[in-house]
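Enquirer: Here are the chains, one letter per residue:
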Amino acid sequence: MPILSLRNVSKSYGSTHVLDNVSLDIEAGEVVVIVGFSGAGKSTLISLLCGLDTPDAGEVVFKGSRVTEPGPERMLVFQNYSLLPWLSASDNVALAVDQVFPRWSKEKRQAHIARFINMVGLDHARDRKPAQLSGGMRQRVALARALATDPEVLLMDEPLSALDALTRATLQDGLESIARTSGKTIVLVTNDVDEAILLADRILPLSAGPRATLGPEFPIAIPRPRERRALNKNPEFRHVRTAVVDYLLSTKRSPRPAATAPLASAPLLEPAR
Amino acid sequence: MNSRFLAIEGLDKVFDTPTGPTAIVKGFDLTLAEGEFVSIIGHSGCGKSTVLSIVAGLAESTNGAVILAGKEVVDAGPDRGVVFQSPCLLAWLTALANVQLGVDQVYPDKPKSERRDIAAHYLELVGLKDSLLKRPAELSAGMRQRVGLARAFALSPRLLLLDEPFGMLDSLTRIELQDILLELWAQDRKTALMVTHDVDEAVFLSDRVVMMTSGPEAHVGEILTIPFERPRNRHDLMDSPAFYEMRERLVTFLEEQGHKPPPPAAAPKAPTPRSRGFVGLLKSRVVG
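These protein sequence lines are chains A and B, in that order. Take the first sequence: its letter number 272 is residue 278 in my numbering, and every next letter is one higher. Take the second sequence: its letter number 260 is residue 261 in my numbering, and every next letter is one higher.
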């Protein structure tokens, strides 16, 4: 039985029909990556999985029961981190841990928080407030907060999109390691096909909106651990990369005439003096 | 075919910093043949955009010269079309009016209807036929950058300068716009110089990729010739091992530059004599 499903889900905001009849079954322990253009409806889709929003038609089902609100078994990591600015890194994690494990002793909670702060490599920065952390460090706090609540499904909404290329690569490697070792069910949405191939067991492309829907599934059989530089030489990486990009572009093509000779030839201009 | 259509010779750019003048770019030499598409890649802040701005005539070099079709570049002009990272559209004008603004400058003698047709034609080529009368706020980031492309191509410039044109877009929209750019470019193969830090973009679009060393004193490190024939097809290239070899070469260069220890700080020198700037001008007015 799938752990989390979308069944014939549609969603509109005002007159914009965002998602159209989307169905998806996520099995326990797998890493599913949804790839699509900005504005296609990826965040809408993950908000529905999380329970932050409800579908207009169809249903979201977690372990056989209908999802109507967010819950600690389905934690979401946001693109913009969503940390509380007046709390330190460790207190941001503590807030979630205290909520989810109220019966634990204080010592047990403290040790648990420290373990996850350590896991994301932020021991040295545990007492710093978000404003004193770089974007990459803030996202690591958000990740520690989500993982420390021990969710059954980890949902991630473009967690690395706001970061520069180098930081993004470092954190992708971190996520790869979490995906490989934690055994968690992970659903990640991204616009980066390389990131998707590095992390996914399955890639599901979301067609360009409006009326977006999920396209054909691309299973990724590249053995783990996956190393980004080695992927360059992997024929499967090349084929999947091409196929996913081809599919997504095919859903987008706006009507555009073939470029022909220029309409007018400009006078040769002298550089202005 | 002019093999020295654009010549950048011994370009230096010195900025004053609190620790004395620092040469951000030093001894940058590059020659482009007519009709060539060349990309410059390098780490953020290495001085790539500085070089491009000097070629555009939007910034002044400290030493060296930029020669375009036999004439030295001293100022900005419509013979060089620039596509900026942020499209810099005028918010109160429609897409059509934004493109037509430049067309009006370049073709002052053409009738108004013809100038409008030129602007509309290029917007149609970038897929914005249905959005001619929309204002920038009504367009997505990708659509705005399409207007930026149309604006540059509509002037039919002799040299096309692209400064990280798709740097602000998501990676899929970026791919989509690279296809459009390549198609537009292929119609008359203007000489083009593009700054990017996207390795795939550089390989896909360029005849040669110039790898710039990390600053200060940044200059041309290596040049990689991209042998793929034109017209190029994204699908075939992305599936070919040769594409990934090129990609690997560029990534390796960038990683080496990234790990390179910073060069010893230049000893503070006496301030370089500056060209008469605004303050100098004021002083000369007061004193002289």
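Everything labelled a hint here was simulated from the structure, so no lab data went into it. As the structure is a computational prediction, the values presented were derived from the model and not from experiment. Incorrect hints may appear among the rest.
Calculated cross-link-like contacts (lysine-lysine; reagent style DSS-like; alpha-carbon spacing at most 27 Å) [stated by the list, open to error]:
1) B:Lys130 <-> A:Lys258
2) A:Lys114 <-> A:Lys135
3) A:Lys258 <-> B:Lys135
4) B:Lys130 <-> B:Lys111
5) B:Lys135 <-> B:Lys113
6) B:Lys72 <-> B:Lys191
Below, a sample of chain B positions facing chain A; criterion: calculated Cβ distance under 8 Å [as the list claims (entries may be wrong)]:
7) Asp13
8) Glu37
9) Glu139
10) Ser141
11) Ser172
12) Leu173
13) Ile176
14) Glu177
15) Gln179
16) Met239
17) Arg248
Stretch-level coverage of chain A by chain B, calculated; a stretch enters the list once three of its residues show a Cβ under 8 Å from a Cβ in chain B [stated by the list, open to error]:
18) 135-142
19) 181-191
Built from N, CA and C at the ideal position, the CB exists for glycine as well.
Enquirer: Given Glu177 (chain B) as an interface hint, is its Cβ closer than 8 Å to any Cβ of chain A?
Expert: holds, 6 Å
Enquirer: Need the status of pair Lys72 (chain B), Lys191 (chain B): alpha-carbon distance at most 27 Å?
Expert: Holds - the C-alpha atoms of Lys191 (chain B) and Lys72 (chain B) are around 17 Å apart, at most 27 Å.
Enquirer: Would the hint on Arg248 (chain B) stand, with a C-beta cut-off of 8 Å toward chain A?
Expert: holds, 6 Å
Enquirer: With a cut-off of 8 Å on the beta carbons, see whether Asp13 (chain B) makes it to chain A.
Expert: Violated, because the Cβ-Cβ distance from Asp13 (chain B) to chain A comes to roughly 21 Å (cut-off 8 Å).
Enquirer: Any CB of chain A closer than 8 Å to the CB of Ser141 (chain B)?
Expert: Status holds, d = 6 Å.
Enquirer: Return the status of the interface hint for Leu173 (chain B): holds when the least beta-carbon distance to chain A is below 8 Å, violated otherwise.
Expert: Hint holds; Leu173 (chain B) Cβ to chain A Cβ min 5 Å, cut 8 Å.
Enquirer: With a cut-off of 8 Å on the beta carbons, see whether Glu37 (chain B) makes it to chain A.
Expert: violated, 19 Å
Enquirer: Hold the hint about Ser172 (chain B) up to the distance rule: shortest CB distance to chain A must be less than 8 Å.
Expert: holds, 5 Å
Enquirer: Against the 27 Å threshold, does the CA-CA distance of Lys114 (chain A) and Lys135 (chain A) hold or violate the hint?
Expert: Distance of about 23 Å is within 27 Å: holds.
Enquirer: At least three residues with a C-beta closer than 8 Å to a C-beta of chain B: is that true for the segment 135-142 of chain A?
Expert: With 0 residues closer than 8 Å to chain B, the segment 135-142 of chain A misses the three-residue bar; violated.
Enquirer: Taking 8 Å as the C-beta cutoff, is the stated coverage of the segment 181-191 of chain A by chain B satisfied by three or more residues?
Expert: Not satisfied, violated; 0 residues make the cut.
Enquirer: Can Gln179 (chain B) be said to touch chain A, with a Cβ gap under 8 Å?
Expert: Not OK, violated: Gln179 (chain B) not within 8 Å of chain A, min 11 Å.
Hints 7, 8, 9, 15, 18 and 19 from the list above are not met by this structure, while the remaining hints are.
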